[in-house]
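Please model the entire structure based on the sequences and the hints provided.
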Amino acid sequence: MDEEYDVIVLGTGLKECILSGLLSVDGLKVLHMDRNDYYGGDSTSLNLNQLWKRFRGEDKPPAHLGSSKDYNVDMVPKFMMANGTLVRTLIHTDVTKYLSFKAVDGSYVFSKGKIHKVPATDMEALKSPLMGLFEKRRARNFFIYVQDYNEADPKTHQGLDLTTMTTRELIAKYGLSDDTVDFIGHALALHRDDRYLNEPAIDTVKRMKLYAESLARFQGGSPYIYPLYGLGELPQGFARLSAVYGGTYMLNKPDCKVEFDMEGKVCGVTSEGETAKCKKVVCDPSYLPNKVRKIGKVARAIAIMSHPIASTNDSHSVQIILPQKQLGRKSDMYVFCCSYTHNVAPKGKFIAFVSTEAETDNPQSELKPGIDLLGQVDELFFDIYDRYEPVNEPSLDNCFVSTSYDATTHFETTVTDVLNMYTLITGKAVDLSVDLSAASAAEEY
Amino acid sequence: MASRRRTLLKVIILGDSGVGKTSLMNQYVNKKFSNQYKATIGADFLTKEVQFEDRLFTLQIWDTAGQERFQSLGVAFYRGADCCVLVYDVNSMKSFDNLNNWREEFLIQASPSDPDNFPFVLLGNKVDVDGGNSRVVSEKKAKAWCASKGNIPYFETSAKDGTNVEEAFQCIVKNALKNEPEEELYVPDTVDVVGGNRAQRSSGCC
Numbered sequence: 001m002d003e004e005y006d007v008i009v010l011g012t013g014l015k016e017c018i019l020s021g022l023l024s025v026d027g028l029k030v031l032h033m034d035r036n037d038y039y040g041g042d043s044t045s046l047n048l049n050q051l052w053k054r055f056r057g058e059d060k061p062p063a064h065l066g067s068s069k070d071y072n073v074d075m076v077p078k079f080m081m082a083n084g085t086l087v088r089t090l091i092h093t094d095v096t097k098y099l100s101f102k103a104v105d106g107s108y109v110f111s112k113g114k115i116h117k118v119p120a121t122d123m124e125a126l127k128s129p130l131m132g133l134f135e136k137r138r139a140r141n142f143f144i145y146v147q148d149y150n151e152a153d154p155k156t157h158q159g160l161d162l163t164t165m166t167t168r169e170l171i172a173k174y175g176l177s178d179d180t181v182d183f184i185g186h187a188l189a190l191h192r193d194d195r196y197l198n199e200p201a202i203d204t205v206k207r208m209k210l211y212a213e214s215l216a217r218f219q220g221g222s223p224y225i226y227p228l229y230g231l232g233e234l235p236q237g238f239a240r241l242s243a244v245y246g247g248t249y250m251l252n253k254p255d256c257k258v259e260f261d262m263e264g265k266v267c268g269v270t271s272e273g274e275t276a277k278c279k280k281v282v283c284d285p286s287y288l289p290n291k292v293r294k295i296g297k298v299a300r301a302i303a304i305m306s307h308p309i310a311s312t313n314d315s316h317s318v319q320i321i322l323p324q325k326q327l328g329r330k331s332d333m334y335v336f337c338c339s340y341t342h343n344v345a346p347k348g349k350f351i352a353f354v355s356t357e358a359e360t361d362n363p364q365s366e367l368k369p370g371i372d373l374l375g376q377v378d379e380l381f382f383d384i385y386d387r388y389e390p391v392n393e394p395s396l397d398n399c400f401v402s403t404s405y406d407a408t409t410h411f412e413t414t415v416t417d418v419l420n421m422y423t424l425i426t427g428k429a430v431d432l433s434v435d436l437s438a439a440s441a442a443e444e445y
Numbered sequence: 001m002a003s004r005r006r007t008l009l010k011v012i013i014l015g016d017s018g019v020g021k022t023s024l025m026n027q028y029v030n031k032k033f034s035n036q037y038k039a040t041i042g043a044d045f046l047t048k049e050v051q052f053e054d055r056l057f058t059l060q061i062w063d064t065a066g067q068e069r070f071q072s073l074g075v076a077f078y079r080g081a082d083c084c085v086l087v088y089d090v091n092s093m094k095s096f097d098n099l100n101n102w103r104e105e106f107l108i109q110a111s112p113s114d115p116d117n118f119p120f121v122l123l124g125n126k127v128d129v130d131g132g133n134s135r136v137v138s139e140k141k142a143k144a145w146c147a148s149k150g151n152i153p154y155f156e157t158s159a160k161d162g163t164n165v166e167e168a169f170q171c172i173v174k175n176a177l178k179n180e181p182e183e184e185l186y187v188p189d190t191v192d193v194v195g196g197n198r199a200q201r202s203s204g205c206c
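Protein chains in written order, with the UniProt record's numbering: chain A, 1 to 445; chain B, 1 to 206.
These are calculated hints, taken from the structure and not from any lab test.
Fair warning: this is a prediction, and the values are worked out from it, not measured in the lab.
Incorrect hints may appear among the rest.
Restraint ranges, calculated between C-beta atoms of paired labels, are given here [unchecked claim]: (1) B:Q51 x A:N252: 51 to 57 Å; (2) B:E139 x A:F382: 57 to 63 Å; (3) A:P254 x B:A144: 36 to 42 Å.
Quick reminder that beta carbons are idealized off the backbone N, C-alpha and C, glycines included.
Spelled out as structure tokens, the structure:
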């Protein structure tokens, strides 16, 4: 420390590490600090000892659970859309070379008290009990429309302006039933509530296209991929990118205090009696609590199990969507499960998560419908936390605060926040469009 | 069951900032040396095809990328290492004294299944400096340290003029091969996110 940097980044969450990597590649002098002695911040993956320490005080985990280092338990469980913006960012930065991924076995949806596989092929769609026969024909027409839709090509719009037409209006045109609408909106477009029905249909159509493209990308049983050793690998990969391009890393830095000048602009960060000067600070909400406001609460259960989730065809990795209407609440609930096949648990063990936006004063009991799907669990933990968003004006104080991770099923909102922050910090936009074409070209040869 | 034919060996290089870790791997892989010192910028991991007893291996040598300077290497860096190379500067007693810390840090972070027999190799670098006149760590002292850690191999090197670099890495490869892979590391069905480009790229020193 006691040096001058262009940017000081506080907290090694995934958002902060992506930004640290991008800024270092741009040639900025970056100092990246974290109060913890591990990478990942709120989005880390914990080993068993860390998990026990965090949720059970100082207890030692029971020996029958196996070796601590075999566990990599995600604190923000999400899957990656195979064609989504996080994959594009990984390819753009070449951080893929530090990581390995596996396709997620399946995606399921909870409907009328049972779970059903979200069809991944035409054959599965034909057999699926989620829709009746005539409804399938109407839905197929809708899917063809969505598949052919190209924002830049008006001929594909068939006279419909999706930027003004609501999703409800578009769906009414195809005569789809309420159950089908629910399925499309929540299991394919991955909306968490029903506000999308009254919003322009373009967003839902784009989401459905992303789902289909991700499904086709690796032709697995779902549109998702997931890194070996858990999501904690992602911040470490981007941190290494930053370091390779000159970023300086300091873990285990307590009490990082952001310093401001007379005009209220950030001028440095002090830790352990030393101050590093800087022009800008990037951080997660916990480092600048006075510049954020609470915007919600996430409720999550974390389970260690010795079996796959019932009715998922013995899947080792699976997502189950419980649409809000099925549960009688405002937001969807999600169940994630991954296992020893992803090197996140010892042989024979599974890690499952139930997540949703909290809606009552008793968030733990809200999770019951998801927990009931898990069956017998060896250990259960609850993690209830507030979410924050920045309220400061970065052009005035040069502080760029990320928004907390939400309960969404994937990383699209995470990357959107990162890209927006990057543009605010640098005045430039990251172009992620070229890379997949290049990757596809490589694929063909 | 049929034995797996392993083709990738991961080797990590640990030691204090400035002892010459990056220069050593550049000398071995690229036969290059740069006098310009900057706490490592641009070094990542380098790969080299090596032949050992009629078998071809891809040796993947991981530099710390400068993250060791403030003790900020992540657990992912250590995972799956087949051999750990410890480097000190023969002209710096502090870098020699810190070897214990580096070895302990490796054993904690990597958690090998057989810590007493995990293959380490020690390199005493910069033997060329000032014709050897500024040397402060004797060969005898270093060899005693190696003996106390289970007789790990020791080489005195110069990344600058190439002294013993080839010999050291031959030994490193041999020792990496002695490390039996843990069963969990065998992963048959990962997806290739980048597409058809399967060769892993490495970057050199800028």
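Handout entry: Verdict for Q51 (chain B), N252 (chain A) (Cβ pair) under range 51 to 57 Å
Key = Distance hint for Q51 (chain B), N252 (chain A) is violated at roughly 42 Å.
Exercise for the section: Using the beta carbons of P254 (chain A) and A144 (chain B), state whether their distance is inside 36 to 42 Å or not. Expected result: 38 Å, holds
Handout entry: Supplied distance hint 57 to 63 Å, evaluated on CB atoms of E139 (chain B) and F382 (chain A)
Key = Check passed, 58 Å falls within 57 to 63 Å.
When the structure is compared with the earlier hints, a violation turns up for hint 1 alone.
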